[in-house]
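Peer 1: Sequence:
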Amino acid sequence: MVHAWPFDPAWPPSGQAVEDTFSFQTEIITSRSGRESRRARREAPRRAVRHGLILHGEDLRLYKDILWNWQPQDFVMADIVRRVTLPATLSAGASTFTLGSPPGWMVAGLTLILGTGEDREDREVLTIDSVAGSVVTLTTAALATWPADTPVYAGLLGNLATSMSADRQTTNVATAEVSFTVRPLSEPARAVSAAPLLLDDREVFLRRPNWLERVASAMSHEVDILDYGVGPIYRYAPVPFGQEITGATYLGRNVAEVDDILDVFFRMRGRQGELWMPTWEPDFLLRGTSSAGSSTVRVKGPRVAEMYAASATHRAIFALREDGSVALHRTASITAVNDGQGNDSLINLITPLTQDLSSTITVITGWLLLRRFASDSLTVEWLTHSVANLRLNLTTLEMRPPESP
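The numbering of the sequence shown is our numbering, which starts it at 4 and goes up by one.
Accuracy of the hints is not assured; some may be wrong.
What the hints assert, rightly or not - Label pairs and their computed distance ranges (CB to CB):
#  : residue 1 : residue 2 : range
1  : P404      : A339      : 25 to 33 Å
2  : D326      : N351      : 57 to 65 Å
3  : A151      : E39       : 52 to 60 Å
4  : M222      : A135      : 51 to 59 Å
5  : I228      : G112      : 32 to 40 Å
6  : A151      : S189      : 28 to 36 Å
7  : A192      : P235      : 35 to 43 Å
8  : S17       : I364      : 14 to 22 Å
9  : Q28       : P355      : 20 to 28 Å
10 : P150      : H6        : 32 to 40 Å
Rather than coming from a laboratory, the hints here were simulated on the basis of the structure.
Beta carbons: idealized from backbone N, C-alpha and C, even for Gly.
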């Protein structure tokens, strides 16, 4: 038997964020030289939801009754951000209802959960048979009559954790943490949007992090050490390039923004795919003006040429202009130049500039690095029904020709 989960999350500040985690699975084989071969083992991710509850009186009694008797059984939990309301009464025995414009997530095969949550035991689980225009047809007729403005949620079919805990504040009040695993392949396939911007057949991720949250960076470079315990120590770096893992929080101010970020993760299938991402840091400073049509950008100082002329990772640049536009270019080579303007570096581009580039109209110029997700799991932390934080951890990669997914 499938039961409708009767409780709503306790939102911040009294509760905690609702954590919605998506997990792909990637097999990675890394060669001695640091090159990766990656294969996605899941076409669709596994999903899990975690949130807090504040239980009082009848709610606490119902919670205990459910765990004593139904904990191992199947439940349908409301996907709290996929919600519409009935525009008119859905009568008992009816198997269709009409929406002015059904949302994109409302598709055939989707489980729905109806109910206001005011009467905890009064919710109903239904399944969509088809959506034609504004008419939603159900596989079975409604058992109860639902008035206009009743919330209709996308339902998640799955199971509670085998171990659930609750802290009693008084004899009649408790706080609990709910862990819920969505049954694999029980949801209709997610409609993932196409990448909005590509560079050399790879997606470009241009969303900027929320600098109010911690932005972390960890650098590493693999080294082999030969040490016999006495005498000299020998060190050898088999991988000719370093690696940076960055972690930053991205704020989704509405469900559409959250979906845009989540779609990137789905397109990459976790750690399997590759994308371009700016450092959003002033990695070098421009010298003078590089005119539109030019294929050369001059930057101050010789260090860029000395450090990155033979780099396997630093092979593209970005420029953020004052008007908010971003120029993206692959580099052909980096050379040193010493003339009347100074001792500098020349970044030679594969494609010419389409607009002038100078320090007077450019806010930041830096590296555009090839990256992949550092984890196969991504958690959406819903702070409200429409606002969420997403913490993205990405690692840099050697620049190589793109591979098919």
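Peer 1: Would you mind marking each hint as holding or not holding in the structure?
Peer 2: Status of each hint after checking the structure:
Against the hinted window of 25 to 33 Å, the Cβ-Cβ separation of P404 and A339 comes to about 28 Å, which satisfies the hint. Checking the proposed 57 to 65 Å range against D326 and N351 shows it is violated: the Cβ atoms sit about 26 Å from each other. A hinted range of 52 to 60 Å holds for the C-beta pair A151 and E39, which are about 55 Å apart. Between M222 and A135 the CB atoms are about 55 Å apart, so this pair conforms to the stated range of 51 to 59 Å.
The hint said 32 to 40 Å for the Cβ distance between I228 and G112, and at roughly 56 Å that hint is violated. Checked against the given bound of 28 to 36 Å, the beta carbons of A151 and S189, roughly 29 Å apart, stay inside it. The hint said 35 to 43 Å for the Cβ distance between A192 and P235, and at roughly 59 Å that hint is violated. Between S17 and I364 the beta carbons are some 48 Å apart, a value that contradicts the proposed interval 14 to 22 Å.
Distance hint check for Q28 and P355: the Cβ-Cβ separation is about 42 Å, which falls outside the suggested range of 20 to 28 Å. A C-beta distance of roughly 23 Å is found between P150 and H6, which places it outside the suggested range of 32 to 40 Å.
Figure legend: structure checked against the earlier numbered hints; hints not met, in rising order: 2, 5, 7, 8, 9 and 10.
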